[in-house]
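Assemble the complex: chain A is given as a structure, and chain B must be docked to it using the hints.
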Amino acid sequence: MNTEALKDLLYKIADDQLILGHRNSEWTGFGPLLEEDIAFSSMAQDKVGQSWQIYKLLEELGESEPDMVAFMRNADQFHNCQLVELPNGEYDFSLIRHFLFDMAEQIRFTHLASSSYEPLSLLAKKIKGEIKYHTMHAKIWMKQLGSATEESVSRLQNSLEEAMPYALGIFEPSKFEAELIKEDIFRGEEVIKEEWIEQISAILKETSLKMPDLNSITPVYGGRYGKHTEHLQPLLDEMSEVFKMDPTADW
Amino acid sequence: MSKTKDISVEEIRTWLDEVMDPEIPVLSLNDLGVITGIEIQASGKVKVNMTPTFSGCPAMDYMKRDVEETLQKNGIDDFDVHLSFETQWNSNMISDKGRAALKKFGLAPPPKHNLIVDIDLLEHSKCPYCDSTNTEMKTPFGPALCRSLHFCHNCNQAFEQFKPL
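Chains as they are written, first to last, in this note's numbering: chain A, 1 to 251; chain B, 252 to 416.
Chain A with its partners taken away, still in its complex shape (with noise of 0.2 Å):
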């Protein structure tokens, strides 16, 4: 077993997780609707809680304790995608990232709960029944804003063309692929962005949307391998305020 390879793949899974699990939560008490404000929020604990139990993982493997890589990292020590830390924006940006992260995410789940390696195999089956519920709320949204109004249709078709950039860079290759995948412990990026292509153009053909032309659009990478935006470190700074002055408080 490739732990290297292994731990790069966990890494850039956990972080993702958290760092759109604190977007998410955001939306607690901004909600444009309770039952809204209710789902983000719900969403932000199930991926808070699943990049807990991912960085368990990583502790297993001798990296340091869930709550030091969480919050003690910077910016550039991060594996997530830039998709995922951009700001919420308005309501229209928010729903078209996590229907795109979300998709994306079953299909990641789905295949890793086949990976070779089992301590994630089993984590694995267990998020994808999760993530499920994550899915079927942005396809509820997807499909009634998206064949609503004028100005629903505009807004989220605005949203698909400014996101789509990154989240293709959700796929961004890792260092490791070969590895991976000749190991069986994950199919690949390439075979995850296949399906999502798949399952997301099929989605918005039941809509008024357009699934924007993706031969013209270059993903934004570097996320996997500490690139990031600016907005990444204030969150990180927020996130991290309470527990950095007292790192060893118990709570």
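Derived by calculation from the structure, the hints in this document are not laboratory data. Given the structure is predicted, the values throughout are model-derived calculations rather than measurements. Don't take each hint at face value.
[To be verified] Here are the simulated distance ranges between beta carbons: (1) Leu34(A) to Lys363(B): 23 to 33 Å; (2) Lys244(A) to Ser383(B): 44 to 54 Å; (3) Asp382(B) to Phe30(A): 33 to 43 Å; (4) Ile181(A) to Gly326(B): 45 to 55 Å; (5) Glu269(B) to Glu198(A): 42 to 52 Å; (6) Leu366(B) to Ser201(A): 43 to 53 Å; (7) Glu198(A) to Ile367(B): 11 to 21 Å; (8) Asp382(B) to Lys182(A): 17 to 27 Å; (9) Gly226(A) to Glu320(B): 22 to 32 Å; (10) Gly89(A) to Glu337(B): 20 to 30 Å; (11) Gly226(A) to Gly326(B): 48 to 58 Å.
[What the hints assert, rightly or not] Partial list, computed: chain A residues near chain B (C-beta under 7 Å): (12) Gly29; (13) Pro32; (14) Glu35; (15) Ile38; (16) Gln45; (17) Gln50; (18) Gln53; (19) Glu118; (20) Leu122; (21) Leu123; (22) Lys126; (23) His137; (24) Glu198; (25) Ala202; (26) Leu204; (27) Lys205.
[Stated by the list, open to error] List of simulated lysine-lysine pairs, BS3-like, C-alpha gap at most 30 Å: (28) Lys389(B) to Lys128(A); (29) Lys125(A) to Lys143(A); (30) Lys139(A) to Lys324(B); (31) Lys389(B) to Lys56(A); (32) Lys132(A) to Lys315(B); (33) Lys296(B) to Lys128(A); (34) Lys175(A) to Lys193(A); (35) Lys56(A) to Lys210(A).
In this text, a Cβ means the ideal position worked out from N, Cα and C, and glycines have one as well.
Below, chain B alone, put in the same frame as chain A:
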């Protein structure tokens, strides 16, 4: 001194009937289905395996602590309460007794399923107050990770359902 010589796995299971879900105080951990194994090892050590309902469920730590306290209260000093995903929880593991308790509590029990949860399973949940299925799901998310929000058009009441997973 540990008293494990004189006790059985069944007895330990009976003690755990008294340990309730901290968020649904009518449902025991046995009926919830999160106790996945009880073992008395040759050394006398009691091992209890548990599995989370949802991986981000904040109540799991409390449940684990409550199990540990229950073992101690019954004179067991040598124990290991272990949380793992080896045996995975799904909502079919909630016992019939647990389902009845949920309904009485005003929470619709999760429908039994073939491990494929889709929206149809949630759309017309049975109202825990009047048993009508003339209901609609308002949102798959509720006040806890394990609950969704619904409305009954027959008795005009909002209700929550323990989510199928």
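Would you pick out the hints that fail for this structure and give their numbers low to high?
-> Failing hints, ascending: 6, 8, 9, 10, 12, 13, 19, 24, 25, 26, 27, 30, 31, 33 and 35.
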